[in-house]
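> Sequence:
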Amino acid sequence: MSPNLFSIIHILQSIFNNSETLVQNLVLAYKMNSATRFDLLKA
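Counting from 1, position 36 in the sequence shown corresponds to residue 36 in full-length UniProt numbering; the numbering is continuous, with no gaps.
Rather than coming from a laboratory, the hints here were simulated on the basis of the structure.
We put the CB at the ideal spot given by N, CA and C, even for glycine.
There's no promise every hint is true.
Claimed, not checked - With a straight-line cut-off of 20 Å between C-alpha atoms, the simulated SDA-like cross-links for lysine to any residue are: (1) Lys-42 <-> Leu-26; (2) Lys-42 <-> Met-32; (3) Lys-31 <-> Lys-42; (4) Lys-42 <-> Tyr-30; (5) Lys-31 <-> Ile-15; (6) Lys-31 <-> Gln-13; (7) Lys-31 <-> Ser-19.
Unchecked claim - Quick list of simulated restraints, FRET-style, between CB atoms: (8) Asp-39 <-> Ser-7: 43 to 49 Å; (9) Phe-6 <-> Thr-36: 43 to 49 Å; (10) Asn-4 <-> Asn-25: 28 to 34 Å; (11) Asn-17 <-> Arg-37: 40 to 46 Å; (12) Val-27 <-> Ser-2: 53 to 59 Å.
Can you build the whole structure from these sequences, using the hints too?
Take a look at the structure:
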């Protein structure tokens, strides 16, 4: 495998890993916001 292709694959993997973490953070933030809204409704 050429070094150029290897670096492209590495970059793509990095982007994928970052986006996966981003999605998890968004879901976590949404769950926290939902819980906060629920607590406000209960209060």
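> Give a verdict on every hint.
Against the structure, the hints:
no. : hint                          : result
1   : Lys-42 <-> Leu-26             : violated (24 Å)
2   : Lys-42 <-> Met-32             : holds (15 Å)
3   : Lys-31 <-> Lys-42             : holds (16 Å)
4   : Lys-42 <-> Tyr-30             : holds (18 Å)
5   : Lys-31 <-> Ile-15             : violated (24 Å)
6   : Lys-31 <-> Gln-13             : violated (27 Å)
7   : Lys-31 <-> Ser-19             : holds (18 Å)
8   : Asp-39 <-> Ser-7: 43 to 49 Å  : holds (48 Å)
9   : Phe-6 <-> Thr-36: 43 to 49 Å  : holds (45 Å)
10  : Asn-4 <-> Asn-25: 28 to 34 Å  : holds (32 Å)
11  : Asn-17 <-> Arg-37: 40 to 46 Å : violated (31 Å)
12  : Val-27 <-> Ser-2: 53 to 59 Å  : violated (37 Å)
When the structure is compared with the earlier hints, violations turn up for hints 1, 5, 6, 11, 12 and for no others.
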